[in-house]
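Engineer: Sequence:
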Amino acid sequence: MFPIRLTDLVLENMALTVTIVAYSLASFFDFKTREVPNMVWTALLPTALTLTLTRVIFLHLPLKLVVFSVAATFIIALAAFYSGVFGGADAKALICLSVALPVRFKAFYNVFGYLHPLFPLTVFYNSYLLSLAVIARNVIFNVFYRLRGKRLFQGFEEEGGFRMALAFLTGYKASFKTLEASPHLFPMEVFTQSGRKRFKFYASAFAEKKELVDGLKSSLINRDVDIWVSPTIPLMVYMLAALSATALLGDLFTWLVFEALNTLGAIH
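9 is the number of the first residue of the sequence shown in my numbering; add one for each residue after it.
Please note that the accuracy of each hint is not assured.
Derived lysine-lysine pairs resembling DSS-like cross-links, with alpha carbons at most 25 angstroms apart [said to hold, decoys possible]: (1) Lys40 - Lys185; (2) Lys158 - Lys114; (3) Lys218 - Lys208; (4) Lys158 - Lys185; (5) Lys40 - Lys72.
Read the hints as simulated data drawn from the structure, not as lab findings.
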């Protein structure tokens with residue numbers, strides 16, 4: 009018979025494994041079709057619940073902390089969903105994670121040395137941290153676009169410097185054909201009633217691309233042009249990356265915060 013500590017570790021790793029498998033499937037479907045079949049979550053949830061209840065009943069996993077973690081995560085996921093920050097799959101993924109791994113996960117290496125006691129929240133904010141990599145890619149695209157002698161903000165002269173900077177970070181210029189062909193690009197410019205160009209920044213996970221593109225088509229005289237687009241890699245992909253990285257290395261976001269505070273303290 010295994011010692012209790014080893015048994016708990018085995019169950020914890022089983023929960024991690026089934027969650028990573030489910031997240032991988034969800035990321036694949038979300039990236040390819042922008043829709044995640046409900047069967048992914050209907051398979052993960054009862055499996056996760058069984059493993060967690062086993063740990064609570066037989067291995068003394070703190071029930072109050074488990075309930076608090078699930079409740080807090082559920083509220084956050086629901087708020088993110090109804091505010092448009094989350095899609096349905098993202099909310100379901102976070103809720104299922106709270107059932108599978110509700111409390112601090114024993115990171116394999118814990119290079120960063122930190123872990124939030126509520127593991128789902130660690131994955132939640134690290135997902136957004138990793139998604140910032142898109143900004144670096146946008147900046148590189150825009151720099152090379154300008155180096156090729158092309159103008160980034162032609163027609164946007166009336167936009168303020170802040171909005172131009174925001175566009176530079178959150179989008180890049182691509183051909184209209186590329187926009188139509190890619191399910192992961194959304195138009196980031198619109199025409200006003202007076203025919204002037206304006207940046208349009210979308211925060212909603214429910215933005216309908218067809219409606220946006222059709223509106224742009226009706227305003228463009230020549231479609232053989234480059235327009236500002238916003239890349240929308242599914243958050244599910246970043247959640248998978250954050251789950252894997254946090255389980256392996258620890259809490260990157262908290263480590264960065266403490267490193268920044270320590271650096272500021274050393275300067276002063």
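Engineer: Against this structure, judge whether each hint is valid.
Structural biologist: Tested hints:
no. : hint            : in the structure
1   : Lys40 - Lys185  : 19 angstroms, holds
2   : Lys158 - Lys114 : 51 angstroms, violated
3   : Lys218 - Lys208 : 15 angstroms, holds
4   : Lys158 - Lys185 : 18 angstroms, holds
5   : Lys40 - Lys72   : 39 angstroms, violated
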